[in-house]
Amino acid sequence: MLTQRITTLNPAVFDKGVKMSSASRQDAAGGNSADLPEVVLVGGSGDVGARLAELLLENTKADVITLSRRAKGNADRFGDRLRHVSLDISGSETPAMSANAIVVNLTEATPPEWIRQVIVTGGRFLETSATPDYLQAIENALKGAIGQGNAILCVGVAPGLTNLLAAEIGAKCPETVQIDIGVEMGLGRHYGAAATEWFLRTAGRIYPLMIDGHLQSVAAGQLTRKFAFKGKGRPRHSIGYGFVDQVIIARSAGQHLKTVRSFVALDPPWMTRVLAVSLAFGLGPAMLQNSKWLTRWMLRLPVYGRARTRVIAQGFDGAGHVTGDIRVETGDQAQATAIMIFATVQAILRHDGPDPNGVTTITDHLSLDTALAALGQFLPETRSGKGFGSNTGLQREVGA
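Just so we're aligned: the sequence shown equals residues 95 to 494 in this note's numbering.
Hints are not guaranteed to be accurate.
Unchecked claim - With beta-carbon atoms standing in for the labels, derived distance ranges:
(1) R163 - V397: 48 to 58 Å
(2) R345 - F375: 31 to 41 Å
(3) S311 - Q349: 15 to 25 Å
(4) D463 - W387: 36 to 46 Å
Simulated from the structure, these hints should not be mistaken for laboratory data. Glycine residues also receive a C-beta, built at the ideal position from the N, C-alpha and C atoms.
Sequences are here, hints too, so could you generate the full structure?
Rendered as structure tokens:
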């Protein structure tokens, strides 16, 4: 049986277990190695998974298990503390988790019903998906679930860091009624196949967002605006895109926040224009339908631009004045995503009180300052800036 196969790796995780004590959590975060939980990375053999495993193994005492369809994963690279189980998580046999499990999901192949079981048995489940439909399926599966565990949605950069930026503006500037988020993705290296395919598929999707207090559906590229990602630098054309953060932020902020919009730009900027023209000519559905072979083709092309990530969140009041502006520039997006997940795991391990049960988001577990500190520790090129009220010194961007 599959469960028996996994249980032989560590019965404390894949069979019956108990909730971690506060002392055990502190041990896992970097101290004593006794009675530690193992961190389970579902779909953990890809680009982000390999980086996350390295961060966990080098900076905590916890062991790591990766689950994926690959035969070996990255076990040979990291030694005894990383163990790999080859399985198809979408198949009929799925592993049983204990109350000690910290599970990070890096694939949308994971069945929402299995996620429910992880929560019911007391596990902590970190969800990294940016797809609205998949997050909705998870939330539907978790309705009425009773247990000691929790699901933490929006863990990563977009969503994740973007949620923290928006929450900071909302807390500092309660007059904010609209938040726009811009993410610039540097194309200075090839991202993993899963991330590339997600981007292509999202180009052809209709996605939900809140505008003027009403949930609406729009196509990728239907909304556009410009962001000056580098302070007073030249604004860059950005395209409305289906990141799930815009829905979660609007829902979490309460009734005062009426509009939340997410946009994407590519570096070099001419790639943004190529994408915009493609969407304007109605090629989004074709990109969705042919995303697999397009991914294989794109991963063979030369790279362009810089391997960096820039994120900006701007708040506006009812008169259209800028209430808050927070921007972050950091390095490789896959590395930044792994760091954000790692920081969330660390926050769970170090948390000294009772866990919030049920469905939560990254903002319930991690502060913006802690996230920025983690990014700065592992990506020294990270820079950030904040401005609120009259201190933003900004006018609304043309086209915003």
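Just to be sure I understand the hint, the distance between the Cβ atoms of R163 and V397 should be within 48 to 58 Å; is that true here? Between R163 and V397, where Cβ atoms are some 27 Å apart, the hint is violated.
Tell me if the beta carbons of S311 and Q349 are separated by a distance inside 15 to 25 Å. 21 Å, holds
C-beta pair D463, W387: status relative to the range 36 to 46 Å that was hinted: This hint holds: roughly 43 Å between Cβ atoms.
Confirm or reject the claim that R345 and F375 have a C-beta distance inside 31 to 41 Å. Since the Cβ atoms of R345 and F375 sit about 33 Å apart, the hinted range of 31 to 41 Å holds.
Of the numbered hints listed earlier, the single one contradicted by the structure is hint 1.
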